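Novice: Listed below are the residues making up each chain.
There are 2 protein chains.
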Amino acid sequence: MKVASIRTNGAAERDGIFAVVDDDLTACRISHPHCGLQSVLDGMDWQVAGPPVAFDPARCFSPLPRAYQFLDGSAYVNHVALVRRARGAQMPDSFWHDPLMYQGGSDGFLAPTDPIVGNPDWGIDFEGEIAVITGHVPMGASREQALAAIRFVMLCNDVSLRNLIPGELAKGFGFVQSKPACAFSPVAVTVDDLPGWRDGTLHGTLKIDVNGEPFGRVDAGVDMTFDFGQLIAHAAKTRNLGAGTIIGSGTVSNKLDGGPGKAVAQGGAGYACIAEQRMIETIEHGSPRTRFLDAGDRVRIWMEDDTGRSIFGAIDQLVQLI
Amino acid sequence: MKVASIRTNGAAERDGIFAVVDDDLTACRISHPHCGLQSVLDGMDWQVAGPPVAFDPARCFSPLPRAYQFLDGSAYVNHVALVRRARGAQMPDSFWHDPLMYQGGSDGFLAPTDPIVGNPDWGIDFEGEIAVITGHVPMGASREQALAAIRFVMLCNDVSLRNLIPGELAKGFGFVQSKPACAFSPVAVTVDDLPGWRDGTLHGTLKIDVNGEPFGRVDAGVDMTFDFGQLIAHAAKTRNLGAGTIIGSGTVSNKLDGGPGKAVAQGGAGYACIAEQRMIETIEHGSPRTRFLDAGDRVRIWMEDDTGRSIFGAIDQLVQLI
Numbered sequence: 000m001k002v003a004s005i006r007t008n009g010a011a012e013r014d015g016i017f018a019v020v021d022d023d024l025t026a027c028r029i030s031h032p033h034c035g036l037q038s039v040l041d042g043m044d045w046q047v048a049g050p051p052v053a054f055d056p057a058r059c060f061s062p063l064p065r066a067y068q069f070l071d072g073s074a075y076v077n078h079v080a081l082v083r084r085a086r087g088a089q090m091p092d093s094f095w096h097d098p099l100m101y102q103g104g105s106d107g108f109l110a111p112t113d114p115i116v117g118n119p120d121w122g123i124d125f126e127g128e129i130a131v132i133t134g135h136v137p138m139g140a141s142r143e144q145a146l147a148a149i150r151f152v153m154l155c156n157d158v159s160l161r162n163l164i165p166g167e168l169a170k171g172f173g174f175v176q177s178k179p180a181c182a183f184s185p186v187a188v189t190v191d192d193l194p195g196w197r198d199g200t201l202h203g204t205l206k207i208d209v210n211g212e213p214f215g216r217v218d219a220g221v222d223m224t225f226d227f228g229q230l231i232a233h234a235a236k237t238r239n240l241g242a243g244t245i246i247g248s249g250t251v252s253n254k255l256d257g258g259p260g261k262a263v264a265q266g267g268a269g270y271a272c273i274a275e276q277r278m279i280e281t282i283e284h285g286s287p288r289t290r291f292l293d294a295g296d297r298v299r300i301w302m303e304d305d306t307g308r309s310i311f312g313a314i315d316q317l318v319q320l321i
Numbered sequence: 000m001k002v003a004s005i006r007t008n009g010a011a012e013r014d015g016i017f018a019v020v021d022d023d024l025t026a027c028r029i030s031h032p033h034c035g036l037q038s039v040l041d042g043m044d045w046q047v048a049g050p051p052v053a054f055d056p057a058r059c060f061s062p063l064p065r066a067y068q069f070l071d072g073s074a075y076v077n078h079v080a081l082v083r084r085a086r087g088a089q090m091p092d093s094f095w096h097d098p099l100m101y102q103g104g105s106d107g108f109l110a111p112t113d114p115i116v117g118n119p120d121w122g123i124d125f126e127g128e129i130a131v132i133t134g135h136v137p138m139g140a141s142r143e144q145a146l147a148a149i150r151f152v153m154l155c156n157d158v159s160l161r162n163l164i165p166g167e168l169a170k171g172f173g174f175v176q177s178k179p180a181c182a183f184s185p186v187a188v189t190v191d192d193l194p195g196w197r198d199g200t201l202h203g204t205l206k207i208d209v210n211g212e213p214f215g216r217v218d219a220g221v222d223m224t225f226d227f228g229q230l231i232a233h234a235a236k237t238r239n240l241g242a243g244t245i246i247g248s249g250t251v252s253n254k255l256d257g258g259p260g261k262a263v264a265q266g267g268a269g270y271a272c273i274a275e276q277r278m279i280e281t282i283e284h285g286s287p288r289t290r291f292l293d294a295g296d297r298v299r300i301w302m303e304d305d306t307g308r309s310i311f312g313a314i315d316q317l318v319q320l321i
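Those protein sequences? They're chains A and B, same order as listed. Quick note, the first sequence lines up with residues 0 to 321 if you use numbering that gives the first Met the number 0. Quick note, the second sequence lines up with residues 0 to 321 if you use numbering that gives the first Met the number 0.
To be clear, the hints were calculated from the coordinates, so they are not data collected in a lab. Keep in mind it's a predicted model, so treat the numbers as computed, not measured. Heads up, some of the hints might be wrong.
Claimed, not checked - The calculated lysine-lysine pairs, modelled on BS3-like cross-linking and capped at a C-alpha distance of 27 Å, are:
#1 A/Lys236 to A/Lys170
#2 A/Lys170 to B/Lys254
#3 A/Lys170 to B/Lys236
Generate the whole structure from the sequences, applying the supplied hints.
Specialist: Following this line, the structure appears as structure tokens:
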């Protein structure tokens with residue numbers, strides 16, 4: 000099943016209206032009476048009724064327009080190794096066996112086609128990720144219990160303000176100012192409708208274009224050191240996770256022959272964030288050549304099935320000055 | 000106005016039923032039709048009706064049983080200085096002018112009389128705090144705009160797992176496993192009904208008993224380096240804050256003559272967490288003498304007005320083994 004949260008101008012505006020979307024993302028049926036995805040996750044009986052209407056990703060909120068929890072892991076540890084190296088920071092060896100995870104803001108996500116509004120001096124970057132929405136997860140859940148609690152899978156653009164990160168991480172308390180509102184794909188999909196879902200990992204190519212040019216064609220199914228079952232179990236070690244918790248994979252990142260990857264223009268898989276490409280440039284040329292995002296830049300993140308059809312719809316965001 | 004969220008066994012169970020509570024916390028009137036506090040914060044028209052019913056704090060959830068955001072500051076910088084000293088960690092001087100804040104879990108708070116369930120090996124501690132609930136705060140809000148957005152004030156027990164903190168903070172990504180679900184006072188109060196509210200700070204003695212003995216009698220109105228206006232503005236620098244955001248003050252902590260405080264038993268104001276008392280013991284005796292919480296221990300946190308009446312009701316929690 001594929002689901003979305005549709006914008007309206009009615010009473011349900013803030014959380015959107017839950018809709019079931021056709022497999023090819025051309026039509027949807029909205030809930031009657033109107034309800035939101037959080038209510039569905041909370042156990043409300045729901046039904047969709049009436050004739051199908053055209054599905055328009057530009058009228059979608061993120062599947063959960065706001066959520067009670069967003070925990071973002073760093074499952075592709077290669078990304079962490081590269082970004083730390085770019086900052087001149089050490090990466091402890093424990094990062095390869097103890098998941099890195101932070102509590103992210105979840106009070107208001109951007110819609111998949113909302114602009115990213117910010118100050119370019121902040122070093123605006125995107126991060127292409129896979130994310131899941133869980134049902135209730137009890138404290139101490141095993142990896143298997145955690146996997147069984149996954150309700151939906153979607154894509155994420157975890158917007159990051161690179162120039163604010165070093166100062167915040169030095170304080171040890173994680174991200175507040177350096178991780179503003181992020182966005183998710185228009186559509187979330189149940190795992191039984193995802194042929195690429197195996198063992199808590201989504202296999203498939205995450206595609207990222209910047210200003211219409213290929214920037215990343217990274218494989219989400221390889222180099223994922225911790226699967227979603229392990230990430231969720233890590234989060235639930237000392238507390239229950241409420242229904243509607245979003246768990247992110249962290250930036251998808253591929254190695255190449257055991258080392259850093261190559262840009263798409265050079266025949267590589269490219270990168271799911273600008274920071275990684277800048278790191279490679281620093282290694283190769285002594286300094287980064289790719290700038291962070293500025294006003295007017297556009298980022299598009301999507302994934303296709305074997306027949307070339309978009310699975311989740313696209314995150315497609317323009318950068319605007321604050 | 001004083002408000003609470005009442006437990007029921009009906010459809011609204013998860014978020015409780017919004018109620019307006021009498022000033023002396025003896026009676027309340029519940030909303031008709033039933034709604035939750037988040038809906039009220041989202042702008043729903045509400046009314047309470049019918050005869051008043053007895054107010055029972057044991058039937059209360061935390062005012063927001065779950066929230067879209069909880070950001071916890073460390074406004075009483077003396078606490079940070081002491082806890083870091085106890086861990087043998089340095090505190091940068093910048094902590095005195097740049098607020099320390101972390102994104103906390105908000106997907107399911109404990110009710111004020113719910114047990115704290117955990118493993119004593121984790122080093123279970125309480126932290127007595129002041130917290131506010133905001134309306135919508137726009138990105139880039141000034142301190143004055145931030146102060147105007149405060150809707151309610153309440154007390155918080157920010158449960159902390161001391162033995163898990165050093166490992167998580169060393170990773171730089173903040174708290175996930177080391178900060179399990181926290182609890183808030185049964186009642187939240189508007190600032191115009193709080194005589195002790197001045198300049199974004201709540202003046203009054205936060206009272207903490209452990210197993211019926213006074214542990215803390217700390218003054219929330221002094222030694223607060225950053226007021227709530229500054230904390231909210233810090234959080235809103237790069238993003239909007241959704242209505243229903245909770246901002247915590249961090250552990251209330253008083254200096255004594257410019258240095259560390261004294262235990263209540265020694266005539267001092269005591270402490271709002273065990274970690275601080277252990278730090279003082281380490282300074283005085285070379286090692287801590289007070290253990291962290293174990294099964295059967297009870298923590299009570301409350302505040303009284305000038306006539307000795309409880310303002311917010313009490314957080315009153317028993318520790319239970321997982």
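Novice: Starting from the hint list further up, note which numbers the structure goes against and sort them upward.
Specialist: none
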